[in-house]
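If you're matching them up, the sequences are chains Z and S in order. Counted from 1, the first sequence has number 146 at position 134 by my numbering; the numbering is strictly sequential. Counted from 1, the second sequence has number 46 at position 44 by my numbering; the numbering is strictly sequential.
Quick caveat, the hints were computed from the structure, so don't treat them as lab data. Incorrect hints may have been included.
Stated by the list, open to error - Among the chain S residues that face chain Z by a calculated CB cut under 8 Å, a handful are:
1) Lys44
2) Ile58
3) Leu108
4) Met109
5) Leu275
Claimed, not checked - Which bits of chain S does chain Z cover? Going by a derived footprint, with three or more residues having C-beta under 8 Å, they are:
6) 216–223
7) 405–415
No residue lacks a Cβ here, since even glycine has one placed at the ideal position from N, Cα and C.
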Amino acid sequence: MRRIICIGTLLAADDAAGPLMFRRLAREALPEDVELIDGGTRGLDLLPLFDGAQSVILIDQVEGFLSAPGVVLLQEDELLQATAKHFDHQVGLGYLLQILPRVCEIAVPELCMLGIEGCLNAENEKLCLDLLRRQLSA
Amino acid sequence: MIKVPFNRVEGDLDIRVEIRDGVVVDAWVSGTMFRGFEAMMKGRGPLDGLVITPRICGICSTSHLHAAALALDQLSGVEVPADATRLRNVVQIAEHLQSDMRHLFLMFAVDFADPCYQDRGFYSQARQRYAPLQGETAVDVVRQTRRILEVVAIIGGQWPHSSFMVPGGIVSVPSRSDLRQCRQLVRQFRRWFETRILGGRLEDWQQLKTAGELEAWCDEPQRQAAELPLLMQISKELELAASGAGHANFLSCGNLPLPADEGVGHLLSAGVLLQGEVQSWDPLMIAEEVGYSRFISESTASPQVAGTRPQHDKPEAYSWVKAPRYLHQPAETGPLAELLIAGRPLLCDWVDRSGISVFARELARLMRTAELLPVMDRWLQEVDETAEFYRNPGEITDGSGIGLIQASRGALGHWVRVEERRIVHYQIITPTAWNASPRGNAGERGPLEQALVGTPVADEQHPIELGHIVRSFDPCLVCAVHCFRNGEPRSRLRIGLRQ
Chain Z
13 MRRIICIGTL
23 LAADDAAGPL
33 MFRRLAREAL
43 PEDVELIDGG
53 TRGLDLLPLF
63 DGAQSVILID
73 QVEGFLSAPG
83 VVLLQEDELL
93 QATAKHFDHQ
103 VGLGYLLQIL
113 PRVCEIAVPE
123 LCMLGIEGCL
133 NAENEKLCLD
143 LLRRQLSA
Chain S
3 MIKVPFNRVE
13 GDLDIRVEIR
23 DGVVVDAWVS
33 GTMFRGFEAM
43 MKGRGPLDGL
53 VITPRICGIC
63 STSHLHAAAL
73 ALDQLSGVEV
83 PADATRLRNV
93 VQIAEHLQSD
103 MRHLFLMFAV
113 DFADPCYQDR
123 GFYSQARQRY
133 APLQGETAVD
143 VVRQTRRILE
153 VVAIIGGQWP
163 HSSFMVPGGI
173 VSVPSRSDLR
183 QCRQLVRQFR
193 RWFETRILGG
203 RLEDWQQLKT
213 AGELEAWCDE
223 PQRQAAELPL
233 LMQISKELEL
243 AASGAGHANF
253 LSCGNLPLPA
263 DEGVGHLLSA
273 GVLLQGEVQS
283 WDPLMIAEEV
293 GYSRFISEST
303 ASPQVAGTRP
313 QHDKPEAYSW
323 VKAPRYLHQP
333 AETGPLAELL
343 IAGRPLLCDW
353 VDRSGISVFA
363 RELARLMRTA
373 ELLPVMDRWL
383 QEVDETAEFY
393 RNPGEITDGS
403 GIGLIQASRG
413 ALGHWVRVEE
423 RRIVHYQIIT
433 PTAWNASPRG
443 NAGERGPLEQ
453 ALVGTPVADE
463 QHPIELGHIV
473 RSFDPCLVCA
483 VHCFRNGEPR
493 SRLRIGLRQ
C-alpha cells in the first residue's frame, strides 16, 4: 500500500494547502494501491498510517524552501534533514518522521514530501499534480 | 531575549520575566497569535461544530468533539443513552492517556536530559530514558500511545478525524468483537503502565493514601527500573516539589459525565477551590476578562454572550489570550485541579505537606492515568452492543447550550447559541486560556504568571527552572498552525528579561 497524506488545516490560511490538495485529489482517479488520507494536524497520531506502508508521500504547506511561490519535492534525506531541527521539544510531524525507524513495527516506508510554498493557487495545484503523477509512476 | 524551545506541537507562547537578585519578581505570559475560530462558526449549521471544532487542536480533538456534542445535547434537551456515554468516555480516556504519557515523557522529562544537568546524579539515567528520539522510555511511550489510540479508531469508526459523537449519542456502533479488541488494548496498556511507569500493580498503588507511603513505594528496590522512582529522585534533587506554586485556586468542570444509569454528575466531580475553600460550582460565574488582552471590551464578560473582537493596538494589552475568571479570580485547571477537587487522599496529603508544585502537577497526571485505566476497562465491559446508542434529538432550530468537560489539560467549554437553524454565537474557553491567561481586569496575574514569581534562576542565559514550571502546566496555545519551515521552527517558548 502506498499512501498520500495531506497535512494541515483549513482553519488557518497559512496551513491550508495540504487539505485543499486533499479535496482536489479526492476527485482524481488514483492507482488502486494508493490511499489518500486527510492527515490534518495530528502529528504523532499519524504513526499507524506510516507503519507498514510501502511509501508515503506527504503534501504540506512549506516556508523558506523556495524563493518564490511554487512546489518543491523533498526526497527522504532532504525531508529528514529539514525536520531534524523540529524535534527538540515538539512531538509533531517532524518528530514522527525522525523517530519512525525506532517505532515502526511492520515496516518503515519510503518518504517524500511535496511542499507547497505559498498558497494553493491554480499554478501550484498543477505543479503539485504533475509532481505527484511523476512520483507515483516512478 | 533568551529563547528556549517550546514543548507543543504548535503555537507560540511568550514568557517574559523580571529577575532581581537571581529571583523572578514578576512575569507576563502572552499568546502571540489571534485565532478567531469562534468567528468562523457564526452563520453555520448547528452540527458544523462537531466537524470544525475538533480540528482546532492537533492533540485534543476528541475533547473538542465531546464538548461540542455536549453543548448540542443540552441545547436539544435529549438524554444520551447510558452506553453511548460510556463509549464517549472511553474514547475521551484514550485521549487523556496518550496526552498525559506523551506530555510527561516526551515534553516534560526531556529537560532532565539537558546537558546543564550533566553533573547531577540522575543525568545518565535521564539521558538514557528521556533523550529526544533516542531515550528508551521516549520511544516506548510513542509505541504504547499509538496502541491505545487504536481504541479511538475502533469506536470512532474513522482515523484520523473521528466525528462519531453527535447530539443524542454516537453514530458508530461497535460490535462485540470491537469491544473485546478495545479491552485487550486497554489491558496491554495497563500492564505496560504498571511495569514501566509505576513499578507495581494498580491494586497496590490504589492503597497509597499518604505522601509517606508514596515515598516508601518509590524507595522499594524492585521498583527502581520504573519511571516514578526516577522522577521522584529527580524531583528531590531539583526541588521540584517546592517550585511553581501559583495562586492555589483550582477549577474543574468535572471529568467524564456519568452514564445515565450510574447517576448524575461526573466520575471526577466538578468544583472550584479558591484559596483552599470549596466554592459552589456554577458555570454562570465564569467570565472572560480582557483588560490586558488584545480584544475589545464587551458590555458583558459572560461567554454565553460576549464575542471575540480583536483590537491589536489596545493600550496595556499584551496577549491574544483572554483571561477567564471564576468569581473574578484566576484559577488553575488540569489533572491536579481535578484530583484535588475530587478529594483523592494521596494527592491531598502530598499537597498538604509539600504545597502546590511542579511535581504535584506531574504526580496528578500519573494518578489520573492510574485511576482511569480500570474505569475504562469496566465501561467497555458494561457496554451492551445491542443496546441503544442514539436518540434522535430532532431538528436543532433555536436555543442555547453549554458543553463543559475536562480535556487532558483541564477545563474546556463550548458555548453555542442557535437561531433559525444557524449558529449565531460560539465561544470556546480552552484549558490553556485558564492557565496561561494574562492579567485580569483587576491586574492580578494569571495562574502560570503567578507560578513563576519567586523562582530562583541560576543561569539567566538558560533558565531551565522556568521551563520546568511552564511545562508542568502542559500549555497548548494557538492550535492548528504547523506549516513546515526551513530553518528555525516557529513554535517557541521564549523566556527572557523584561526590557
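Cross-check of the supplied hints:
With 8 Å as the threshold, the beta carbon of Lys44 of chain S stays out of range of chain Z, its nearest partner Cβ sitting at about 14 Å, so the hint is violated. For Ile58 of chain S, the suggested interface contact is upheld, since its CB lies about 7 Å from the closest CB of chain Z, less than 8 Å. With a least beta-carbon distance of about 5 Å to chain Z, the hint placing Leu108 of chain S at the interface is held under the 8 Å criterion. Of the supplied interface hints, the one on Met109 of chain S holds, with its beta-carbon coming within about 6 Å of a beta-carbon of chain Z, less than 8 Å.
A hinted interface residue such as Leu275 of chain S counts as satisfied when its beta carbon comes closer than 8 Å to some beta carbon of chain Z; here the least separation is about 31 Å, so the hint is violated. Only residues whose beta carbon comes within less than 8 Å of a beta carbon in chain Z count, and the stretch 216–223 of chain S has 0; fewer than three means the coverage is violated. Under the rule that three or more residues need a Cβ within less than 8 Å of chain Z, the assignment of the stretch 405–415 of chain S is violated, with 0 such residues.
In this structure, the earlier hints numbered 1, 5, 6 and 7 are contradicted, and the remaining ones agree with it.
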